[in-house]
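*Asks:* Sequence order for the protein chains is A and B.
Anchor point for the first sequence: position 227 equals 275 in the working numbering, and the numbering is continuous, going up by one each time.
Anchor point for the second sequence: position 249 equals 253 in the working numbering, and the numbering is continuous, going up by one each time.
Think of the hints as simulated: they come from the structure by calculation, not from any bench.
Each hint should be verified, as a subset may be incorrect.
[Stated by the list, open to error] Part of the chain B face toward chain A, derived, beta carbon under 10 Å: (1) N115; (2) E355; (3) L357; (4) Y359; (5) R363; (6) R367; (7) H376.
Bear in mind that the values here come from a model prediction, so they are computed numbers and not experimental data.
All C-beta atoms, glycine included, are put in the ideal place defined by N, C-alpha and C.
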Amino acid sequence: MEKPILNISDLKATIEDKEILKGVNLEIKGGEIHAIMGPNGTGKSTLASTVMGHPKYEVTGGTVTLNNENVLEMEVDQRARAGLFLAMQYPAEVSGVTNADFLRTAMQTKTADGKAMPLFKFIRELDKNVSKLEMHQDLPHRYLNEGFSGGEKKRNEILQMLMLKPKIAILDEIDSGLDVDALRIVGEAVNSMRNENFGCLLITHYQRLLDYIEPDFVHIMMQGRIVKSGGKALMERIDREGYDWIKQELGIEDERVVIDEETRQVASIGTCATKEALNL
Amino acid sequence: MTKLPTWLQPIYEQVKTEYATLALPKADKTQIKDWDFENIETTNTLASQEQINLNLIKENNENVVVVCDGVITYKKLSNAFEGAIITTIEEALENHEELIKPYFGNIIPVNTNRLTALNFLNLNSGLMIYVNKNQVIEPTLHVIYLGEKRALINHNLIILSQGSQLRYIESYLKSSQTIANLNTEIVVGENAQLDHTVMECLPEHVLTYKCTKAQVEANGRLYSSYGALNEGHMVSENFVSLIGSGASAKTKTVAIAQNKQKQNITVEVEHLAPHTVGNIMNHGISKDEAQLVFNGIGKIHKGMQGSDAQQASRVMILSETARADANPLLLIEEYDVTAGHAAAVGKINEEQLYYLMSRGLTRREAETLIIHGFLMPFVNDIQNETVQAEFTKLIERKIMA
Numbered sequence: 049m050e051k052p053i054l055n056i057s058d059l060k061a062t063i064e065d066k067e068i069l070k071g072v073n074l075e076i077k078g079g080e081i082h083a084i085m086g087p088n089g090t091g092k093s094t095l096a097s098t099v100m101g102h103p104k105y106e107v108t109g110g111t112v113t114l115n116n117e118n119v120l121e122m123e124v125d126q127r128a129r130a131g132l133f134l135a136m137q138y139p140a141e142v143s144g145v146t147n148a149d150f151l152r153t154a155m156q157t158k159t160a161d162g163k164a165m166p167l168f169k170f171i172r173e174l175d176k177n178v179s180k181l182e183m184h185q186d187l188p189h190r191y192l193n194e195g196f197s198g199g200e201k202k203r204n205e206i207l208q209m210l211m212l213k214p215k216i217a218i219l220d221e222i223d224s225g226l227d228v229d230a231l232r233i234v235g236e237a238v239n240s241m242r243n244e245n246f247g248c249l250l251i252t253h254y255q256r257l258l259d260y261i262e263p264d265f266v267h268i269m270m271q272g273r274i275v276k277s278g279g280k281a282l283m284e285r286i287d288r289e290g291y292d293w294i295k296q297e298l299g300i301e302d303e304r305v306v307i308d309e310e311t312r313q314v315a316s317i318g319t320c321a322t323k324e325a326l327n328l
Numbered sequence: 005m006t007k008l009p010t011w012l013q014p015i016y017e018q019v020k021t022e023y024a025t026l027a028l029p030k031a032d033k034t035q036i037k038d039w040d041f042e043n044i045e046t047t048n049t050l051a052s053q054e055q056i057n058l059n060l061i062k063e064n065n066e067n068v069v070v071v072c073d074g075v076i077t078y079k080k081l082s083n084a085f086e087g088a089i090i091t092t093i094e095e096a097l098e099n100h101e102e103l104i105k106p107y108f109g110n111i112i113p114v115n116t117n118r119l120t121a122l123n124f125l126n127l128n129s130g131l132m133i134y135v136n137k138n139q140v141i142e143p144t145l146h147v148i149y150l151g152e153k154r155a156l157i158n159h160n161l162i163i164l165s166q167g168s169q170l171r172y173i174e175s176y177l178k179s180s181q182t183i184a185n186l187n188t189e190i191v192v193g194e195n196a197q198l199d200h201t202v203m204e205c206l207p208e209h210v211l212t213y214k215c216t217k218a219q220v221e222a223n224g225r226l227y228s229s230y231g232a233l234n235e236g237h238m239v240s241e242n243f244v245s246l247i248g249s250g251a252s253a254k255t256k257t258v259a260i261a262q263n264k265q266k267q268n269i270t271v272e273v274e275h276l277a278p279h280t281v282g283n284i285m286n287h288g289i290s291k292d293e294a295q296l297v298f299n300g301i302g303k304i305h306k307g308m309q310g311s312d313a314q315q316a317s318r319v320m321i322l323s324e325t326a327r328a329d330a331n332p333l334l335l336i337e338e339y340d341v342t343a344g345h346a347a348a349v350g351k352i353n354e355e356q357l358y359y360l361m362s363r364g365l366t367r368r369e370a371e372t373l374i375i376h377g378f379l380m381p382f383v384n385d386i387q388n389e390t391v392q393a394e395f396t397k398l399i400e401r402k403i404m405a
């Protein structure tokens, strides 16, 4: 198997005509774990969503390739089938679709001939990973993310990663909403995937997660760019001193590019209690 | 109907004179005045493509009754049904006057509108199902209604006596003429429970009017699941009256409107006694150039304290040209009650699509999965595996078409 290489070069992206990513350069190879750190609103999650192909973000420059294939030309599902995975910060809830059905459909699309994995093997694999993540055994039968606690949603993202075995995984703030035990469990799960054919990008603004998953490279993001890269020493200094020294060093005053990343859902509401309708 | 019992003769004569002056049903937000509901007999029998595999009924299934052109052509019931009366409405009018008289044409008054009158005047099919006091029937009864040589002008009367229980699936699969007119009157007695599933799968050439009304007495429970999967135009009215204290009703409706179809569906729960609970849930899909209207009505009368009226209507629109309306109405004349409503009409949620696609599902696969999930609450309610499987297949075909 070819060792995966995700290359992000001078990537620029906008949301509603506002430029968020202003030229990001990053290369992740199989066997490596990278961490992107940085204060809130500096474009970290935008980078993750842009690479995965969220329809809200528009790429205005640069390239993203996975083993020399142009990722930006692919649809979201093609990116996934090429081996990209994004553990989302706010995964959607889908009522009526059970976790197990969803996972099985997703895994089926991964096989070249479109044949389903034998049911027995699927269940065994699912059970194994559900136990590994110390999730409730009824989870496969529950509707996808519906009524899940914040922590359960995050574990469910990791479960999908374990099942789908991507080449490159991006974990977007997987540590938010997790207690210490859950953090350890998720950390162990990610570590269990470490090998030459798996590369990983962790996005976080706490150092906590990095106690469990030791990254090979640490990058600091500000103003929509990676402004500093380094190793363990950089991470430890941030843990001690915060980000201010970097801002001073680089002459940055306001590190943010995004003010509010919350998404809104739109629904139209019908007429209400119109008595006229019944001639009352 | 060839012969009517003497007690119905005067009513028949009266309705016959009155009929032309009666109004059409209201069908809020759908223009129906040009729909030809009265074209009962055409000369040719129309070839119909059955949507549902009719093999379903040829199997040697137990607890299945087939009513074809008003005649029971198949009936195989287990011992659990012993004592209950399951017979054609024609036979019931003749032999069970004392059971039928208080309800027939009273729960839905025959002169409610022109179409209920039309149903009464041209009645040619239907069943009476009567369950005795405290009789609990475990197995699910499945009745299939067909109009093989005639239009389906069907009238059912379902009576559950005090403390009895029944699970009943009602399927309308064929009407060889251009119309179908389906009335069902239901009595859920004191402390009785009815699980009622209705599947309408009539072909495109059939214009359907459906009127169902259930009367639920004290502490009675009605669980109703309704699949409106006809391919032709339709006006469907579904009423529940909670007339005894502690009565409750839970109704779930799913509808799929496709091609140039217009569907107008009303679900109303009326609280006529204190401490009654009504819950309405409507889920619909509107695609191609179809128009789908849901009218949900929860009505609590004065003095009916401690009652609860809830409803939620949701419609997914799958094309630029499809239309949908969801009108939630709460009409409340009492202070000491709880009530809630929700209505949403919109496209498939983009965030859900993105999420599923980010795991490798194609757009098509993701859409299908989301729609399935959306219709699931109804499908899960069907308490018969064969029917459930057939139904799932039908939904799949309609979505993919």
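*Asks:* So, for every hint listed, does it hold in this structure?
*Replies:* Here's how the hints hold up against the structure:
For N115 of chain B, the shortest C-beta to C-beta distance to chain A is roughly 18 Å, which exceeds 10 Å, and the interface hint is violated. Restraint check, E355 of chain B versus chain A: the minimum CB separation of about 5 Å is within 10 Å; hint holds. Given the 10 Å rule on beta carbons, the hint for L357 of chain B holds: about 8 Å separates it from the nearest Cβ of chain A. Nearest Cβ of chain A to the Cβ of Y359 of chain B: about 4 Å, under the 10 Å cut. The hint holds.
Given the 10 Å rule on beta carbons, the hint for R363 of chain B holds: about 4 Å separates it from the nearest Cβ of chain A. With a least beta-carbon distance of about 7 Å to chain A, the hint placing R367 of chain B at the interface is held under the 10 Å criterion. Nearest Cβ of chain A to the Cβ of H376 of chain B: about 7 Å, under the 10 Å cut. The hint holds.
Hint check: a violation occurs at hint 1 only; the rest are consistent with the structure.
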